[in-house]
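S.K.: The lines below spell out each chain.
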Amino acid sequence: MRSFAVHCGRRVLGAAATVLVASAAVYGSLRLMPGDPVLAVSGASRLSPDQIEALRQRYGLDQGVVTGYLDWLGHALRLDLGTSLSFQTEVGTLVSARLGVSGLLIAYAAILALVLGLGTALVSAVRGGLADRIATAAAAVATATPSFVAAIILLAVFAVGLGWFPATGAGSGFADRLWHLTLPAVAMAIAVFGVLARVGHAALRAELDREHVEAARGRGVGGAALIARHVVRNALAPLVTVIGVMVASLFVGTAVVETAFGLDGVGSLLITAVSRRDFPVVQGIALIAVLLFVVVNTVVDLVLPLLDPRTARGVKA
Amino acid sequence: MKVLEKRAKDTTDGTAADALDIRGLGLSLGPVPLLADVTVRVARGETVGLVGESGSGKSLTARSALGMLPRGARATGRVTVAGRDVLGAGRAALRDVRRHRAAMVFQDPRSAINPVRRVGDHLTEGLRARGVPAKAARSRAADLLAQVGIRDPRGALRRYPHEFSGGMLQRVMIAGALAAEPDLLLADEPTTALDVTTQAEVVGLLRRLQAERGTGMLFVTHDLDLAAAICDRIYVMYAGRIVEEAPGAALFAEPAHPYTRALLEASPSLHGRAEIRAIKGAPRALAEAPSGCAFRDRCPRAVEECAAGVPETRSHGLSAVACLRPGKEAA
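As given, the protein sequences belong to chains A and R, one line each in that order. Residues 533 to 849, numbered by the numbering used here, are exactly what the first sequence covers, in order. Residues 37 to 367, numbered by the numbering used here, are exactly what the second sequence covers, in order.
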C-alpha cells in the first residue's frame, strides 16, 4: 500500500515536470514568433511611441524572455493568465465563461465516440463475418474524415438540407443546448469513433485468441460471461491508454468545430485569439490543453495497475 | 456431500459408463485429414497415457473429449464422456460436459489462466456458475488449494497468477479442474512447461488426487518413460492414428510396434539403456503421411506389403498393434 502511495507521488511529480517544460515551450514559442503583438493589435490606429512602449510594458514584452517567462509562470500558478489584448478582459474570465459550452460539447462527443466506437469494436470482433467487414470499412472512412469535412457535410445534409438541427448557436436550456450541440459533437466524434473502433477491434481480437479464453470455453464458460470476464476485462488495459489520449484530443478539436458551427466556446476563442495575435489568450488556452493531457495521462497511468495487475509489478520493485 | 450426491445420480441414470469412450474418431479440416479411426477408452479410476510426437494428433484427441474441435473441422465417429455424447451434443449438453464431466489441465498454466483475474475468481467461476453461493464457493476453493498443496490457501485466493511460480500455478489449475468434480481429467502435457523437480511433484499430485476420487485420467505426453511409469494403459499415436495400445509396463518391456520401439530407443534413460538412437526422418501429420502404414518410410522393418493398406489392429503379446510385422525379431 505504501509502495502505491510512493508510485502515485512519483507520477504526480513527473506530471508536474512535464507541465513545467511544456509551459516554457508555450511561452517561448509565442515570444520568439516574428511580429510585434502590440503593433498587430493596435493595427490601423496609430499610436505614439510612448503609448506603444506603455502597452509593451503592460504585457511584459519589455522584459527578456526568461524574466518574462518566470513572471508569466508566477502569475499562472496563481491562476492569473493575464489580460487579453483584444478583449481587454482577464484570460481566466474569457475561458471560464466559454468552458460550459466547450465542456458539454467534449463530453457529448466523447460519449458518442466511446459508446459507438467500442460497441462497434465489440460486435465486429465477436461476431466477425459481414458485420466485421462493414465495421472495418466504416472505421477506416471515419478515421480518415477530418472534422472540418464532417462539419461541412453534416451542415449541408442535416441543417440546410433536412433542417433537423440548427446550423449555428449553442441554444439555451439543457435540452435545447443538446439539440444545438448534436451536429458539432458528431463532427468531432467521427474521427475518434473510427480510431476507437479499430483499436478496440484489434485489442479484443487479440484477447479472443488467447489460450486462456479457449481454456475458459473448455470449462463451460460461454456467452456474455466469457466475453465480459475474459475478453473485455483483459482488453481494458490497452484500451484505456488510447481512450485517454483520444478524449483529451477532443479539447483541441473544439477549435475547428466550434468555428464551423458558430459556437462561442474555448475553441473558437483560440482561433479568434490567434488571428488577432492575442498572445495571452493563446498562451492560456495552450497551457490548459497541456494540463488536460498531462492530467489524463497521469490518471490513466494510475488506473492501469488496477486493470492489469502485472503492470503493478514495477511498483513493488 | 456434493460428491456423493453426484455419484449417486450418475448410477441412477444408468451409468457405470466409461469416463471417456472415443470410437473411430475421424477429424478433417476441409480436405486435410487430421485424425483417422482413433479409438481411446478411459475407465473410471483408470490412468491412460496418450503418447506421440508433436503433430501426431494427441492433443486434438484429448480436446475432442470437451468438444473443442478446430474451427470448421468435421468429425466422424463417436465421443462419449461418462456416457454422454459429445460430438452430437447441443450447446446445453456440451456445457454440462465441460462444467461437470470432464476438465482439462493445460500444458502452460501461465497462458491458460486469465492473468488479470484473481486466483479465487478462477477457482470459483465454475462453482458460481453451478449456483454455489459466493461464500461457499470461496471456502470450497480454499479447500481445493489446500488439497493441491498451496500454503495459505485463503490468502492465495486474493492473489494474481503472476504472483505464483509455474509449478504452483499448475497446482492452481489442477485445483480448478477438480472444482468441477469431473469424471474425467484430461492432462495435456501438464508437466512439459515445468522444471524437472516440479514435474515429479505435479505428476505425483495428479496421481494421488485421481486415485482418491476415482476419476479417469487421460494423460497426454510425448514422454514415453513418464507414461509407462504412471499409466495403467498407454496408446501410442502416429500421424493421426493409434498404432499401439498396451498396458503401461508391457509397452515399456516389450514394445510391439516399430514406432514404439524407436520412440523408446530415442529417449535417454536412467536405467542404462545402451545408446540413444534418433528416429530417421521427421514426424508426419496424417495429411502428409505415405499410403498404407504411415510409419513405413521411417520404419526399419518396412516391407512392400506395408504400402498396400493401413494395417489392421492385431494382438501381439499384451499389445494391440497396427503393424504387419510387430515384435522384436530382426528383419
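Be aware that one or more of the hints could be misleading.
Some, not all, of what chain A presents toward chain R, calculated at C-beta under 8 Å [unchecked claim]:
1. 595
2. 597
3. 599
4. 659
5. 677
6. 750
7. 751
8. 754
9. 765
10. 840
11. 842
Beta-carbon label-pair distances, calculated as ranges [claimed, not checked]:
12. A/537 to R/109: 25 to 31 Å
13. A/661 to R/348: 26 to 32 Å
14. R/190 to A/535: 18 to 24 Å
Far from chain A, by Cβ distances over 12 Å, these chain R residues were calculated [unchecked claim]:
15. 133
16. 197
17. 213
18. 312
19. 334
20. 349
For the record, the hints were derived by calculation from the structure and aren't laboratory data. For clarity, every value in this text was computed on a predicted model and none was experimentally measured. C-beta: ideal position from N, C-alpha, C; glycine also.
S.K.: Hints numbered earlier in the text: which of these fail when held up against the supplied structure?
M.R.: Hint check: 1, 2, 3, 4, 5, 12, 13, 15, 16 and 17 fail, others pass.
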